[in-house]
Amino acid sequence: MLDSFLGHYAYYTTTALMAVGMWGMLVKNNLVKKLIGMSIFQSAVILFFVAGASKHGATVPILEETLGLEDASLYANPLPHTLMLTAIVVSVATTGVALAILQAIYKRHGTLEEDEVMERMQE
Amino acid sequence: MPILIVLAVLLPALISPAFGFTRPGYTYPLAILGAAGAAALSLAGLWRVLSSGSISYHLGGWPPPEGIELVLDPLAGFMAVVVSSIGLIAIIYSRRSLLAEIPGKFSAFYGTSLLLLTGLLGIVLTGDLFNLYVFLEIASLSAYALIAIGSKQAPFSAFRYVIMGTLGGTFYLLGVGFLYFSTGTLNMADMANLLPALVGSHAVLAAAVFMVVGLGLKMALFPMHMWLPDAYTYAASSVTGLIAPIMTKVGAYAMIRILLTVFPLSYVLNDVPILTAVAWLSAAGIIWGSVMAIAQKDLRRMLAYSSVSQVAYVGLGLALANPLALIGGLLQIASHAMTKATLFFIAGAIRFRTGTVGISTLAGTARRMPWTSAALVVAALSMVGIPPTSGFFAKWYLVLGSIQTDNWAFVAVIVISSLLNAVYFFRILEQAYLAPETKGAQAVSSTSGTQHSDSPRSQEIPPSMLWPILFLAALILIVGIFNALVVTEVLRPALPVGL
Numbered sequence: 001m002l003d004s005f006l007g008h009y010a011y012y013t014t015t016a017l018m019a020v021g022m023w024g025m026l027v028k029n030n031l032v033k034k035l036i037g038m039s040i041f042q043s044a045v046i047l048f049f050v051a052g053a054s055k056h057g058a059t060v061p062i063l064e065e066t067l068g069l070e071d072a073s074l075y076a077n078p079l080p081h082t083l084m085l086t087a088i089v090v091s092v093a094t095t096g097v098a099l100a101i102l103q104a105i106y107k108r109h110g111t112l113e114e115d116e117v118m119e120r121m122q123e
Numbered sequence: 124m125p126i127l128i129v130l131a132v133l134l135p136a137l138i139s140p141a142f143g144f145t146r147p148g149y150t151y152p153l154a155i156l157g158a159a160g161a162a163a164l165s166l167a168g169l170w171r172v173l174s175s176g177s178i179s180y181h182l183g184g185w186p187p188p189e190g191i192e193l194v195l196d197p198l199a200g201f202m203a204v205v206v207s208s209i210g211l212i213a214i215i216y217s218r219r220s221l222l223a224e225i226p227g228k229f230s231a232f233y234g235t236s237l238l239l240l241t242g243l244l245g246i247v248l249t250g251d252l253f254n255l256y257v258f259l260e261i262a263s264l265s266a267y268a269l270i271a272i273g274s275k276q277a278p279f280s281a282f283r284y285v286i287m288g289t290l291g292g293t294f295y296l297l298g299v300g301f302l303y304f305s306t307g308t309l310n311m312a313d314m315a316n317l318l319p320a321l322v323g324s325h326a327v328l329a330a331a332v333f334m335v336v337g338l339g340l341k342m343a344l345f346p347m348h349m350w351l352p353d354a355y356t357y358a359a360s361s362v363t364g365l366i367a368p369i370m371t372k373v374g375a376y377a378m379i380r381i382l383l384t385v386f387p388l389s390y391v392l393n394d395v396p397i398l399t400a401v402a403w404l405s406a407a408g409i410i411w412g413s414v415m416a417i418a419q420k421d422l423r424r425m426l427a428y429s430s431v432s433q434v435a436y437v438g439l440g441l442a443l444a445n446p447l448a449l450i451g452g453l454l455q456i457a458s459h460a461m462t463k464a465t466l467f468f469i470a471g472a473i474r475f476r477t478g479t480v481g482i483s484t485l486a487g488t489a490r491r492m493p494w495t496s497a498a499l500v501v502a503a504l505s506m507v508g509i510p511p512t513s514g515f516f517a518k519w520y521l522v523l524g525s526i527q528t529d530n531w532a533f534v535a536v537i538v539i540s541s542l543l544n545a546v547y548f549f550r551i552l553e554q555a556y557l558a559p560e561t562k563g564a565q566a567v568s569s570t571s572g573t574q575h576s577d578s579p580r581s582q583e584i585p586p587s588m589l590w591p592i593l594f595l596a597a598l599i600l601i602v603g604i605f606n607a608l609v610v611t612e613v614l615r616p617a618l619p620v621g622l
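Protein chains in written order, with the numbering used here: chain A, 1 to 123; chain B, 124 to 622.
Don't read these hints as lab results, they were simulated from the structure.
In this text the structure is predicted, and so the values were computed from the model without any measurement.
Errors might be hidden in some of the hints.
Claimed, not checked - Okay, derived cross-link-like pairs now, BS3-like style, lysine-lysine, Cα gap no bigger than 27 Å in a straight line:
id	chain 1	residue 1	chain 2	residue 2
1	A	Lys107	A	Lys28
2	A	Lys28	B	Lys275
3	B	Lys420	B	Lys275
4	A	Lys107	B	Lys228
5	B	Lys275	A	Lys107
6	A	Lys33	A	Lys107
7	B	Lys275	B	Lys228
8	A	Lys33	B	Lys275
Only chain B is shown next, with the shape it has when bound in the complex:
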């Protein structure tokens, strides 16, 4: 089962270059097929894992700890569902936006994005530390290539991402080396059994630090987030719609896996203050990302800074290392993946219609695109954290977790950041709904929008872009309303043992 989820996206990724030269149009259905297969298999896998326990697959028939193991446990199943379904929706959405922005790269986008999903799903499912590095680099390499297709500035921001991403990956590899030479194993479960005997070792301490720094670079943990705003701003809309919701979350997932399941909990919590450091960095990132987001004039750049802030919630959830906070962090992974996907899709839709994404040119959007704007309201409310959206419940559990561990400073951080989120999202809603339409905005929309559209109704975006947005907006509300079900049925079993 676990290997099938990875193969469902890997095989189409390998086939699609063959179509790319002869029939580029075929790569789109092929990509949908692959992503849909992975999503269906992940859902079925999560179902089976929750009813009958973890599934382990031994690659090549070699039993662990010698062989490489793919593990589908509740945590991995949950992440696989999030990654593959958001990937599927992003791929469905991307077609029209790609044709409008970068028509020449149509087939290249689908091949590379399937490879990205392969890497991300591999990270989620693997039970082997070195295998995780390989999948991490597969995902990162595809992300570099995807980000480099885009506007004029895109290659330079992609190169910065290459430097930072490789630094992170190599640090992680160095950490794996220290752990391997200390324990002689690479299997995560086996490592978790051997490490308690080695808590005093300097090599293990160095390994933990290198791994946190490496994965911190990949998940854009403050202050290692410098590559992110440029990369997300200059990439093509569909690329950001695919990468932004899931890439950094998977980095956070890898950190949860390694810090909370591989290392002994008392070690990272008490012996060395690694989790405390991660928690304070996350808190700093939450505030800094929100403040920077307020200062931005470009909608996508604002969303990018808000990503820095939102992924830090996951970091905070894992670093508090108590069940409620970790549930909050995991719920935040799902909630933020849906919300950020919706928001970047909407930014792409606005760019598709008006050719610009400046916040000041949003005036009149509500009249021209009523459905898109309605989704924008839902997503904005979820980002700010207003019930019954999923964002509220993620923050709710985080606050409960901080209170339980007597970390009142983090409660204050979460509340302040919600207020800051409200400042920048209500500014957008005000522009979209209330601001009088200026001459300039009208001129922009009538020149670069579709030429024959005079009535406001026809300015709505094409169905293949609109439906993913509406579906995700509905999903934000559904997950929010039924959050108790998600928490008790999926997230509680997903918590690492011993927490």
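Chain A with its partners taken away, still in its complex shape:
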């Protein structure tokens, strides 16, 4: 049990982060908190990819003369990192659009609490 935890603690952490993020997105009443939950959720997946890229005893994926090219297990896998750079850009863009929409909501309804917005939409 403890071994499994120590071996996979990065995955347990990302799972916990995902749960926190989803809780924020789905349960919180304040729209900004929902957005924060969304960011946490996206970060959890980014961390999941980065954790999956790591190897024990491997170094940064830059060619080193002494290590050579034959043994791929000496280098960390660079592909997930590049994928996550793109995913980070996507999540920044999403946050930006969401913040702009939040601004529009505040201008029209004067509040960012979900229940109050829904009340005022009925009027």
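Got chain A sorted already, so can you dock chain B onto it with the hints?
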């Protein structure tokens, strides 16, 4: 060839903000040019693919599986034609409606809608799982922005869509992560070769579940459709006319791609009951969407619920995983894209003329707008599924597919839902054609319609709005009548191998 289809809409999308500040009027022809280019290239591409086989383009010259690959095969070609031509027609239609509803956002609409088409065409053409995620988010981000321009309630419904859409996108990304760490590749064709060896793996199972949930959120599969009705109701008419026909269909297409071509068929069919789950969710969505549509008083909200129901037909078609049902599902993608576009255009036209879209205020529409109403009849018949419209043949193939796999429950679901469709569409036709014109409806039309129109003839909508509607209505009939040609020439080759 595949990259040109994407670039045809991407380049104008990048140029149009420059015009937006100085000459907003120019963005409209620019958008038409881009969409028309994409439509022409998709048609030419589909033609070439059907005569001489799939075309693969390696981005940056890197060969797959290391590099990103764009694949134009018959299935992608068919989807690209549907997406780009409906996008083109929606863009032609949108000008007058935009000027009437949201004049300040004129150039912003065209830039963003071209970006939306870029994303959707990218999803259709890509052969790479992560690339699909990126295009999915490009399309979704443009859709969030487009929906947020609209009535007073639009930003809030757009924010809900942001939360749900991002949840879906991130789930999909998580699924891609599981698959990548299991196989070490992101290329769809390569993945399909590696996965049969890994069928027992828990990671692959988790990946399949996360991907189905993620794409299910994007395609508004029941019960993940909650964002859709509000988003479609409160957005501007031209925005719904653009997003509603194609956005959810492309989500369904991505699901077809991943479940039927990437995963081994015996795995999703027998080892784990994923397709069964999708089929029952779709069946529930078909009934639930129809029932909710009957309860609505607002024409656009009714159409939105009917979208939930209609896209579920595609889900059912893919989940039955036999050739006839999948042909039905694919035909439904084309048929419903045309039909829903016509219906939302008509809803926009009615709003343009009368300023309201309540079903009870439709009385007298047939007299005031004879051509629009004629198109409404064609579209309504196609939704209900009455020959010779395309909607009938889509359902016909679905029913045949269900019978072939002995799924009589789904036959019943399709028949019941057709009857429910008849209930809510005939109610509209009755209002438009038979109901006596009330004083209230007349007052509304004469105050907010064009001021100088006294004769009923001049109440018809302007040509730039009318022609797209009539063209689509004619297309519904043409595709319906020549459905055998479409099925044998285009859809049969488009079926995934091994089905």
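> Among all the numbered hints in the text so far, which are the ones the structure does not match?
Replying inline: No hint contradicted; all consistent.
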